[in-house]
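Participant: So the sequences go chain by chain: Y and E.
Reading the first sequence from the start, the letters are residues 1 to 57 in the working numbering.
Reading the second sequence from the start, the letters are residues 1001 to 1981 in the working numbering.
Treat the hints with care, as some may be off.
[As the list claims (entries may be wrong)] To give a feel for the contact side, a few chain Y residues facing chain E, derived at Cβ under 7 angstroms:
(1) TRP32
(2) PHE36
(3) GLY39
(4) ILE43
(5) ALA46
(6) ALA47
[As the list claims (entries may be wrong)] In silico negatives: residues of chain Y with every beta carbon more than 12 angstroms from chain E:
(7) LEU11
(8) LEU19
(9) MET25
In short, the hints are calculated from the structure, not lab data.
By construction, the Cβ of each residue, glycine as well, lies at the ideal position given by its N, Cα and C atoms.
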Amino acid sequence: MYITRTTLLLLLFSYLLFLLSVDWMSQPDGAWYRPFIVGLLVIGVAAFCHREQSDDL
Amino acid sequence: MTFDLSTLFILGVAYLVMLFGIAFATEKGWIPQRITRHPIVYVLSLGVFASVWSYYAATGNAFRDGFGYLAPFIGISLAFLFSPVMLRPLLDITKSYQLSSLADLLAFRYRSPLAGTLTTIVMLIGVTPLLSLQIQAVANSVAILTPEASQTTLAIVFCVLITLFAIFFGTGRGAGREKHEGLVMAIAFESVVKLLAMLTIGWFAVYEGFGGFAELDAWLQTQPELLAGIKEPDAPGSFHVTAILFFTAAVATPHMFYMIFNENNDPKALTLASWALPLYFLLLSLPVFPVLWAGLKIGSSTPLEYYPVTLGIDHGSEIITLIGFLGGLSAASGLIIVITLALSNMCLNHLILPIYQPTARNDIYRWLLWKRRTLIAALIWIGFLFYYIPDDKLSVRAIGNVSYIASLQFLPSIVALLYWPRGNRNGFVAGLLIGVAIWFLFLMLPVATGTNLLAFSGINTREIIALSLVCNIALFIVVSLWTRTSAEERASADICALDTIRRRNRTGLIAKSPDDFIAKLAKPLGERTATREVLQAMRDLKIDKQEKRPHAMRLLRGRLEANLSGLLGPSISHDLIDRFLPYTIESEHGSTDVDVIESRIEAYRSNLSGMAEDLDNLRRYHRQVLLELPLGVCSLGEQNQIVMWNQTMEKLTGTPAQEVLGSQLNEIGEPWSSLIHDFTVGDTAHAHKRVVQVKNSRRFISLHKAIIEKSATHKIKQDGVVILLEDLTETELLEEELTHSERLASIGRLAAGVAHEIGNPITGIACLAQNIRDETDNDELRSMARQIIEQTDRTSRIVQSLVNFAHSGSNKLDHTSEIVTVEECIREAIALISLDKKRKEINYVINCKHGLQILGDSQRLLQIMVNLVNNAHDASPANSKITLASRLVSGSVQISVTDEGTGIPEAIRDRIFDPFFTTKEPGEGTGLGLSLVYSIVENLNGHIDIISASSRKENPGTRVILTFPCYDGSANATGTPPESH
Chain Y
1 MYITRTTLLL
11 LLFSYLLFLL
21 SVDWMSQPDG
31 AWYRPFIVGL
41 LVIGVAAFCH
51 REQSDDL
Chain E
1001 MTFDLSTLFI
1011 LGVAYLVMLF
1021 GIAFATEKGW
1031 IPQRITRHPI
1041 VYVLSLGVFA
1051 SVWSYYAATG
1061 NAFRDGFGYL
1071 APFIGISLAF
1081 LFSPVMLRPL
1091 LDITKSYQLS
1101 SLADLLAFRY
1111 RSPLAGTLTT
1121 IVMLIGVTPL
1131 LSLQIQAVAN
1141 SVAILTPEAS
1151 QTTLAIVFCV
1161 LITLFAIFFG
1171 TGRGAGREKH
1181 EGLVMAIAFE
1191 SVVKLLAMLT
1201 IGWFAVYEGF
1211 GGFAELDAWL
1221 QTQPELLAGI
1231 KEPDAPGSFH
1241 VTAILFFTAA
1251 VATPHMFYMI
1261 FNENNDPKAL
1271 TLASWALPLY
1281 FLLLSLPVFP
1291 VLWAGLKIGS
1301 STPLEYYPVT
1311 LGIDHGSEII
1321 TLIGFLGGLS
1331 AASGLIIVIT
1341 LALSNMCLNH
1351 LILPIYQPTA
1361 RNDIYRWLLW
1371 KRRTLIAALI
1381 WIGFLFYYIP
1391 DDKLSVRAIG
1401 NVSYIASLQF
1411 LPSIVALLYW
1421 PRGNRNGFVA
1431 GLLIGVAIWF
1441 LFLMLPVATG
1451 TNLLAFSGIN
1461 TREIIALSLV
1471 CNIALFIVVS
1481 LWTRTSAEER
1491 ASADICALDT
1501 IRRRNRTGLI
1511 AKSPDDFIAK
1521 LAKPLGERTA
1531 TREVLQAMRD
1541 LKIDKQEKRP
1551 HAMRLLRGRL
1561 EANLSGLLGP
1571 SISHDLIDRF
1581 LPYTIESEHG
1591 STDVDVIESR
1601 IEAYRSNLSG
1611 MAEDLDNLRR
1621 YHRQVLLELP
1631 LGVCSLGEQN
1641 QIVMWNQTME
1651 KLTGTPAQEV
1661 LGSQLNEIGE
1671 PWSSLIHDFT
1681 VGDTAHAHKR
1691 VVQVKNSRRF
1701 ISLHKAIIEK
1711 SATHKIKQDG
1721 VVILLEDLTE
1731 TELLEEELTH
1741 SERLASIGRL
1751 AAGVAHEIGN
1761 PITGIACLAQ
1771 NIRDETDNDE
1781 LRSMARQIIE
1791 QTDRTSRIVQ
1801 SLVNFAHSGS
1811 NKLDHTSEIV
1821 TVEECIREAI
1831 ALISLDKKRK
1841 EINYVINCKH
1851 GLQILGDSQR
1861 LLQIMVNLVN
1871 NAHDASPANS
1881 KITLASRLVS
1891 GSVQISVTDE
1901 GTGIPEAIRD
1911 RIFDPFFTTK
1921 EPGEGTGLGL
1931 SLVYSIVENL
1941 NGHIDIISAS
1951 SRKENPGTRV
1961 ILTFPCYDGS
1971 ANATGTPPES
1981 H
């Protein structure tokens, strides 16, 4: 299986971010849009990773 | 607040007409291609995923599941975020083999028409409710806005318009393989409308519903139950199952497959979609909560699902209501159009064509076009009937679930397609059937008939989904391992699997040329279609009609199969190609084209890491060594096919590698074909200095060969021959020159001896003759004495020439090294020649650059010039012109002597520097002049060339060009106009 380094990086980042933010997102007194901030972070990292991804797959 | 039906009708029709306009303008090229082909258009067109299920049902889901409503968006976003894992490899396969649907892909991978048919049937059953859902959502939203209107009439009008749009802009000009840029543009526009509508309603909900974000937060704090509800985790696994469901939907729903793979113009656009599409979904899902809460706050009486439309009504805003309505309309219409297009292709390729195929007499393209159009209309109206017939209108959520769960059953086969080549068609069919059976019995049947089997089983929907998937996977694996996989299916699996190298048969084809291809395919397709398809495949591969190489013919066959697959589906295409363009002999499994392996590895190079990367680097290094070896390397595979042709071979033969790779040896042209073939079949491993006539020159080639024994690895049976070609032409020429020099030297020594021995008696004879001349009074005797003296003078001159020749090349140190001004030397030579008044009249033209100097011996240079001008004079007709010129060329001084004489015939040009070779009458020349000039020029580190002075047929003239290293001081020389004497 060929998985690019950037894909692995994104996978690792998303998983760690989820672990770190799951409690923060579900705090009862937290803002309702917190999950969207986490989503935006993942998308930002994905944009960075895919920016350098070669198209020769 | 209610609206007139006519208002909504006009608005709806105007919107759909605008879609027509955008698609039409795109097709006509009125919108620039830099816009229509921009990757962002592709990304937005993928927003077709957000159907009414996302637009309307999201608010209901958000109320029931809290953040669980994001699961579908997260599922599909994961598929795109990790596109290199699934979407990108699938894009490569679908593009290479022109596979337009999941049914095509699975039929291609599992080499089974049944796989395609089953996939189509399951999709048809699974997706029809989704179509009816869209129609229902539009009709319901209109009913909410105009309660008195007939929903059925509205639904019919909507279906008619959508049918017309899909037929006009989705079916193209008939071949079915072209990209539909108008359609893509229109769908992208719909996605923009959806997003803008949702964001506007969200903004309205926050600022009109609550008065701002702070007020929204304050209101939320007064609703602890609601707040707790949105953050409460779902039932265990519920979220995950939904996410997996929608992850699969990226590939396993007809509309997404169609837009992602079929309408993709550039793989880079998918890279952009990898993060841009999740961003789109994030923005689309962001306003859902505010809209829901605003609806709840105001106490809306309509179902939760329709809050995006009713929020405007509740707050008395017509414009927001209409925006909400338009957003829903765009969500519904986009999905219906794309889904029916995709399904029509699938139905045609996998349900109709396997049963009935057009004859060669028909215009196949036209036949397919009309069948496709009929299918589109039929599918939309089946969706309408599914909406219209049931009395009890089903809930949005139930229909959505039923549709998407069917697509989940394709997940195991899609994963196996990329990552498990052992999976076979039996496993696929068994797994799919069991999964679909569970889905149908426990989910579809209850929804369709109201018979609730769940009551007996005591398990919930989530568990049914998991159960169906587990059974599907288990049966797929077990059956695949227990049953045999055909060689054909294994080859197909290798093509699709990511960790295997594509293997291509090396066998020959019955059809030997493009014309043969057309002739063979004319039987099933008709001559017109066959010609068009073959020419299209040739254009795709950039090969011309004269091409006959087996390698190219195999590529052409593969391309034709892929192109026909886009037209007729992979099963029919494969069957047709196999039947009418068969291989000559049964393919040998495992035999491999080295160049194909290499190109495949090259394509994957950036993905290699660790040991694989090291091995690849090693491979590249060894390959580079072979390519840049200063010996010609030619490697022959089975049936004398050329598999390697390095750079030296390219230079030696003048044939580029790409022209010969894959060719058979006898196709590379003479004399190389015979030379290599004779050597290959011969017994000897080495052949020394074989003479090859290349154009007008001879080349001396040594050959060496090594036989590559059969490899122990069963996968690569790379037996063949490696041949090294060593070009010894230069060595041979040097040897010849050395021999020539030695011969000259021996002649020189002989000449010196002869001159010495003859010189003394001649001097004696001349002295005696002078005595007789001076002392006798006898006139006759005196006359004879004078003749003797003349003859002895002449003999002396010949002897002196011999002595000069003997000494000219023997000792360079004898020459004085001084700065010689070229112009002066030329003028002196002409002055000397002009002393002889008996000679014919010649016009000398001197065209010298002032101040040109060389380092050498002025007497020697004078000797050269006198000799050359003498020769030119002898060869020139009377009153003709001899031009003497000197100039500076690239740091060298170039002196030329040009006459208008008879020229030097080609046949003797190689011999004119040989000693004693002359074209003059006997007694007029010794044949040592040019030979002497050659020797002196060489000793002065110069170079001499003799060329024809013009292209005249009569008296072309000769130009002798001398080149000497320039003395540094002459770089600043200035030009001067020509001067005549």
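Participant: Now tell me, hint by hint, if it's right for this structure.
Facilitator: Consistency of the hints with the structure:
1. TRP32: holds, 6 angstroms
2. PHE36: holds, 6 angstroms
3. GLY39: holds, 5 angstroms
4. ILE43: holds, 5 angstroms
5. ALA46: holds, 4 angstroms
6. ALA47: holds, 4 angstroms
7. LEU11: It is violated; LEU11 of chain Y is separated from chain E by about 7 angstroms at its closest Cβ, not greater than 12 angstroms.
8. LEU19: Holds, since 15 angstroms exceeds 12 angstroms.
9. MET25: With a cut-off of 12 angstroms, MET25 of chain Y comes too close to chain E, as the shortest Cβ separation is near 8 angstroms.
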